[in-house]
Amino acid sequence: MTTAGMGSRNRAVVAVLLALPLVYLLLVYIYPIGQLLYLSFRDLEPAYDTDEFIGLGNFFEIFGRSDGWGHVLRSFLYTGICVSASFVLGLAFALLTTAVEEAFAWPLHTALRQVIITPMIFIPAAAGVMWTFAYTEHYGWVNHLLALLGLSTYPWLVSSAAFYLVMLTDIWGWTPFMYLILLAGLQSLPREPLEAARVDGAGTWESFWHVVLPMLRPVILIALTIKTLDTYRAFDYLWIMTQGGPGTISTTLTIATYKTAFMELKLGKASAYGLVTMIFPLVVVNVYLAFAQRREA
Amino acid sequence: MSRYAWFRSRGWSGGVVALGLAGVLSVGWISPVGASSIQGTFPPLKAGKPYNGVTITVPSQAGWASFKPAVDLTPKFEELTGIKVKYDMIPGGEIPSKQLLEVSQRTGAYDVVQQHGISFGAFFRYLQPMDDRIKDVWGSVDKFEEYFFPAQHGVKGKDGKHYFIPFHANVQIGYYRRALLEDAKEKAAFKAKYGYDLTPPTTIKQVEDIAAFFTRPAQNMYGLTANWGGGQGFGAFMHYYYAAGHDQLDENLRPTMKAGKGREDAIRIVRWMQEAVYKQKFVNPDSVNFQTGQVSDYFLSGASALAFGWLSDYWVFMQKPENIKQVGPVGAFNFPSFTGSEKGGYASWWMMGIPKDAKNPDAAWEYIKWVLNKSPQVEMAAGQLPPMKQLAYETAVKPGGQNPPPLYDAFKAARIMIQVPEMSQQPRTKGIELYTALIANKLSAEQFVDEYAAETERTLERAGYYKK
Amino acid sequence: MARSLRWRLLLGLLVLLVSLWSLFPFLWYFLVSLTLPGSIPRSLALPSTLTLRTYAAVLFGGGYVDVGTKVSIIPNVINSVKVAGMTVALCLALSVGAAYVFSRFRARALRVAFNGLLIVRMTPGVSLAVPIFLMMTQYRLVNTHVGLALVHTLLSLPLAIWLMKGFFDTIPPELEEAAAIDGASLLVALRRIVLPLAAPGVAVTACFVFLASYVEFMFALILSRGGINTLPLAIAGYKSEHQVFYNEMAAASFISMIPLALFFFFVGRSMVSGLSFGALK
Chain A
2 MTTAGMGSRN
12 RAVVAVLLAL
22 PLVYLLLVYI
32 YPIGQLLYLS
42 FRDLEPAYDT
52 DEFIGLGNFF
62 EIFGRSDGWG
72 HVLRSFLYTG
82 ICVSASFVLG
92 LAFALLTTAV
102 EEAFAWPLHT
112 ALRQVIITPM
122 IFIPAAAGVM
132 WTFAYTEHYG
142 WVNHLLALLG
152 LSTYPWLVSS
162 AAFYLVMLTD
172 IWGWTPFMYL
182 ILLAGLQSLP
192 REPLEAARVD
202 GAGTWESFWH
212 VVLPMLRPVI
222 LIALTIKTLD
232 TYRAFDYLWI
242 MTQGGPGTIS
252 TTLTIATYKT
262 AFMELKLGKA
272 SAYGLVTMIF
282 PLVVVNVYLA
292 FAQRREA
Chain B
2 MSRYAWFRSR
12 GWSGGVVALG
22 LAGVLSVGWI
32 SPVGASSIQG
42 TFPPLKAGKP
52 YNGVTITVPS
62 QAGWASFKPA
72 VDLTPKFEEL
82 TGIKVKYDMI
92 PGGEIPSKQL
102 LEVSQRTGAY
112 DVVQQHGISF
122 GAFFRYLQPM
132 DDRIKDVWGS
142 VDKFEEYFFP
152 AQHGVKGKDG
162 KHYFIPFHAN
172 VQIGYYRRAL
182 LEDAKEKAAF
192 KAKYGYDLTP
202 PTTIKQVEDI
212 AAFFTRPAQN
222 MYGLTANWGG
232 GQGFGAFMHY
242 YYAAGHDQLD
252 ENLRPTMKAG
262 KGREDAIRIV
272 RWMQEAVYKQ
282 KFVNPDSVNF
292 QTGQVSDYFL
302 SGASALAFGW
312 LSDYWVFMQK
322 PENIKQVGPV
332 GAFNFPSFTG
342 SEKGGYASWW
352 MMGIPKDAKN
362 PDAAWEYIKW
372 VLNKSPQVEM
382 AAGQLPPMKQ
392 LAYETAVKPG
402 GQNPPPLYDA
412 FKAARIMIQV
422 PEMSQQPRTK
432 GIELYTALIA
442 NKLSAEQFVD
452 EYAAETERTL
462 ERAGYYKK
Chain C
15 MARSLRWRLL
25 LGLLVLLVSL
35 WSLFPFLWYF
45 LVSLTLPGSI
55 PRSLALPSTL
65 TLRTYAAVLF
75 GGGYVDVGTK
85 VSIIPNVINS
95 VKVAGMTVAL
105 CLALSVGAAY
115 VFSRFRARAL
125 RVAFNGLLIV
135 RMTPGVSLAV
145 PIFLMMTQYR
155 LVNTHVGLAL
165 VHTLLSLPLA
175 IWLMKGFFDT
185 IPPELEEAAA
195 IDGASLLVAL
205 RRIVLPLAAP
215 GVAVTACFVF
225 LASYVEFMFA
235 LILSRGGINT
245 LPLAIAGYKS
255 EHQVFYNEMA
265 AASFISMIPL
275 ALFFFFVGRS
285 MVSGLSFGAL
295 K
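Chains as they are written, first to last, in the numbering used here: chain A, 2 to 298; chain B, 2 to 469; chain C, 15 to 295.
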């Protein structure tokens with residue numbers, strides 16, 4: 002449909018229907034973005050009652066004294082590891098589920114599916130505290146298990162392993178999401194190409210690599226894009242489990258922004274952090290859109 | 002007839018009346034607010050419910066055991082004055098930031114602010130000066146300062162006025178298991194090993210010896226557990242540093258940790274803490290994650306012989322037999338100074354102020370005055386030290402008091418951590434960040450001390466304290 | 015090959031490993047939720063008594079347990095439901111119409127707008143935290159359900175439009191064209207014909223929006239002063255500065271699981287495939 006042949010009243014309705022969310026976004030998104038840009042170049046600290054223009058001062062401080070590059074690195078590290086691991090695991094689980102479905106007559110695969118998505122059923126905050134508890138020395142099962150095996154206990158979340166343990170929790174909690182998408186993708190694949198490949202003599206691994214994966218590409222791309230940008234801005238697990246500590250070992254850009262805003266109360270610097278944090282998603286989205294446009298053309 | 006003759010003619014009844022009149026007048030003179038205050042209250046609350054029907058919003062700390070009696074007794078305040086109190090229970094770590102963000106935006110959301118003494122520098126700009134109200138109650142600012150412990154002296158705005166009224170004081174102390182330290186067999190074994198009698202420790206060497214003695218992996222027991230996690234851990238370090246006889250800033254406002262004896266002692270203290278966990282191993286490893294609640298928990302499960310933290314919160318709790326089934330009776334000791342100095346450690350000092358934009362400042366003042374009254378202070382003393390000297394003495398030193406005497410001793414000379422208002426945010430936030438790396442053994446003692454001193458200097462320089 | 019015994023055994027072993035990975039972490043935590051506060055075992059052993067009293071204490075508050083918080087979590091649940099409910103109402107109201115327009119019309123400007131939604135969706139919430147917080151403070155919306163609902167609506171709006179456009183796409187436009195010939199206005203066609211058909215899709219979208227608001231943590235943390243503590247905040251709040259209430263924390267965690275479990279049990283994977291394919295368009 003186009004609005005070409007429509008009466009003016011209908012056109013007005015279309016305009017209003019579109020305007021509703023647009024106005025809302027203007028107020029609650031565009032205006033804050035504008036304020037973000039404005040505040041990034043100011044020093045706004047309620048604790049000292051300052052509010053003045055300081056040009057690029059915040060950015061110099063972020064990438065100088067405040068280890069901004071370190072935060073960027075850790076954001077990418079966190080995102081890279083969590084996304085790849087949950088992708089690989091999710092794919093593996095999806096393949097396992099399809100294999101189980103084929104191999105067993107009774108619906109083991111349904112039960113398996115329910116089991117696999119269980120971590121996602123726990124709300125992130127609850128999963129965060131559960132894993133924090135698991136790593137405590139005195140009561141948690143990780144150290145209890147170590148003690149049982151005769152090894153010495155360890156203050157996991159206050160050590161250099163802390164960052165990777167939070168990643169592990171993230172992977173554990175979000176693999177089901179990847180799993181479901183990949184499973185749906187796998188199970189909606191047409192059978193013919195796969196059977197044709199088998200008839201041609203292709204082995205399991207080859208048919209997987211050269212037939213299945215390419216057909217799954219659109220689904221994989223979507224899943225990876227969404228997951229990457231969601232993981233990049235992850236907050237819940239990091240905050241609940243380590244609060245960015247010990248020191249700054251697990252401080253990503255998100256945690257740094259939050260801490261600067263709501264613990265150090267440096268609202269200008271926090272806005273600058275917010276701006277920096279937005280760069281990567283903007284780049285990714287633009288690349289994705291360009292890619293998608295080209296595919297449609 | 003002269004007045005004198007009139008009295009005389011009335012006989013002794015006249016004399017009684019005259020005496021009574023004189024008495025009433027003199028009482029009115031001593032208590033400046035006069036007969037218009039509620040009987041028996043000090044600081045006196047206004048009688049006649051002049052603020053009846055008003056609601057005030059008071060932010061407080063979620064899960065704060067030692068303030069709970071005041072919260073529970075609030076209905077009495079509401080009854081006495083007709084003022085309704087609405088509490089906003091904010092999680093502990095966010096108390097300064099959330100309240101500051103609120104009052105700095107001048108929203109009028111709060112009628113009172115409840116802050117820890119270290120935050121005063123960030124807040125005083127947004128609060129009403131209290132000097133006039135203070136004079137109303139105590140007669141003069143000097144008398145007000147005398148009424149409380151010395152720590153209150155440090156808490157003034159840049160203009161020298163008072164913006165805060167203290168209502169809760171605390172200091173970190175140590176607890177020990179009497180069943181262990183007073184046991185005859187243990188005492189004999191200890192004497193045989195170390196050559197002196199086993200008593201609650203009075204020197205750091207004794208702490209080491211006792212903790213090492215009671216670290217028994219086979220029984221799943223450590224010598225000492227402490228609140229060395231995060232912000233509280235940083236506070237523990239500060240306590241040790243202050244108790245060693247240092248302030249954070251010298252008379253030129255330069256950080257004492259930068260050089261000389263201050264630096265030496267600071268390094269020695271943090272190295273001691275690190276080695277206690279990682280080398281000597283008489284402190285349980287999880288302590289690097291512990292806040293006081295977990296210390297108390299751990300100690301009560303019988304897993305350690307000694308404990309350190311803001312333990313007065315749990316003193317009364319630990320006197321009840323049903324709560325100490327696994328550990329037996331608990332005693333308290335003042336954690337020894339690293340240098341043997343007589344100076345006190347770091348005082349936890351909670352205060353209330355009234356925001357400039359408070360909707361009901363006078364009703365808020367009534368609330369603040371009420372919190373300082375004997376009730377609820379005595380009920381709160383179950384988990385804190387009343388900040389007023391007289392009441393603190395009564396509840397901690399005099400027999401029958403519900404607090405342990407070491408609490409009073411530890412507090413007498415304690416000071417708050419902040420010496421100039423600008424230190425309320427930095428370098429403390431940076432200090433905590435550095436500390437968490439230190440106690441995770443990721444930073445050396447020298448690095449911690451030097452970086453913290455540098456941050457302190459930077460903060461004060463930026464605030465313009467150093468003359469060029 | 016598909017059904018040989020060796021293969022099945024191998025699969026069986028893998029299934030076991032995967033189940034351990036997914037379920038084992040819950041086991042200890044679940045045991046802790048069934049213990050009384052103050053009696054968590056200090057080694058890997060069954061607690062001395064298993065009881066539901068901690069659950070009772072968490073749900074109803076009061077004296078079911080001797081020590082512990084003794085505070086009910088129901089007010090927090092109510093807060094979460096209130097905020098989520100408002101979010102769903104506002105979000106749907108804003109997005110249904112726009113989704114319909116995106117679905118039926120093909121102007122280039124619309125495509126640009128739709129892609130713009132992607133940018134909104136991908137903006138890190140934390141970047142907007144300071145401006146949004148300042149705005150909320152200015153309009154006295156901090157610590158209010160409405161304030162938080164406004165933010166949650168922003169976070170879910172792109173997804174809601176996205177999803178519903180996908181559902182509208184599955185409804186053939188012939189019916190509306192027939193209605194247009196009959197003289198019905200767009201609004202009437204939307205209300206009387208399309209919406210009833212899309213009702214299941216709207217319901218599913220509502221579920222997603224509700225859940226997203228229900229589990230949201232960061233903005234709830236930023237905007238709450240204790241008055242609107244939602245369930246995720248309450249659960250995280252058991253670990254306070256002064257004390258950690260592990261048993262209550264565990265019980266509350268499992269209680270909070272119920273809505274999500276119900277959602278996945280009934281709705282299942284068909285919804286996720288709808289989600290992913292809606293995204294493909």
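Hints are not guaranteed to be accurate.
Said to hold, decoys possible - Here are the simulated distance ranges between beta carbons:
1. C/96 to B/73: 22 to 30 Å
2. C/205 to A/201: 40 to 48 Å
3. C/63 to B/184: 44 to 52 Å
4. B/72 to C/205: 37 to 45 Å
5. B/190 to C/63: 42 to 50 Å
6. C/213 to A/219: 46 to 54 Å
7. B/406 to C/99: 50 to 58 Å
Hints are computed from structural coordinates only; laboratory data are not their basis. Beta carbons are placed, not taken as given, at the ideal position from N, Cα and C, and that holds for glycine.
Here's how the hints hold up against the structure:
1. Distance hint check: the CB atoms of residue 96 of chain C and residue 73 of chain B are about 28 Å apart, consistent with the given range 22 to 30 Å.
2. Judged by the Cβ atoms, the range 40 to 48 Å given for residue 205 of chain C and residue 201 of chain A is violated: they are separated by roughly 54 Å.
3. At about 30 Å, the CB distance of residue 63 of chain C to residue 184 of chain B disagrees with the hint of 44 to 52 Å.
4. The hinted window of 37 to 45 Å between residue 72 of chain B and residue 205 of chain C is violated, with their beta carbons roughly 52 Å apart.
5. A beta carbon spacing of about 36 Å between residue 190 of chain B and residue 63 of chain C contradicts the range 42 to 50 Å that was offered as a hint.
6. The given range of 46 to 54 Å is broken by residue 213 of chain C and residue 219 of chain A, whose C-beta atoms sit roughly 29 Å from each other.
7. Hint check: residue 406 of chain B to residue 99 of chain C, Cβ distance near 56 Å, so the stated range 50 to 58 Å holds.
When each numbered hint is compared with the structure, violations occur for hints 2, 3, 4, 5, 6.
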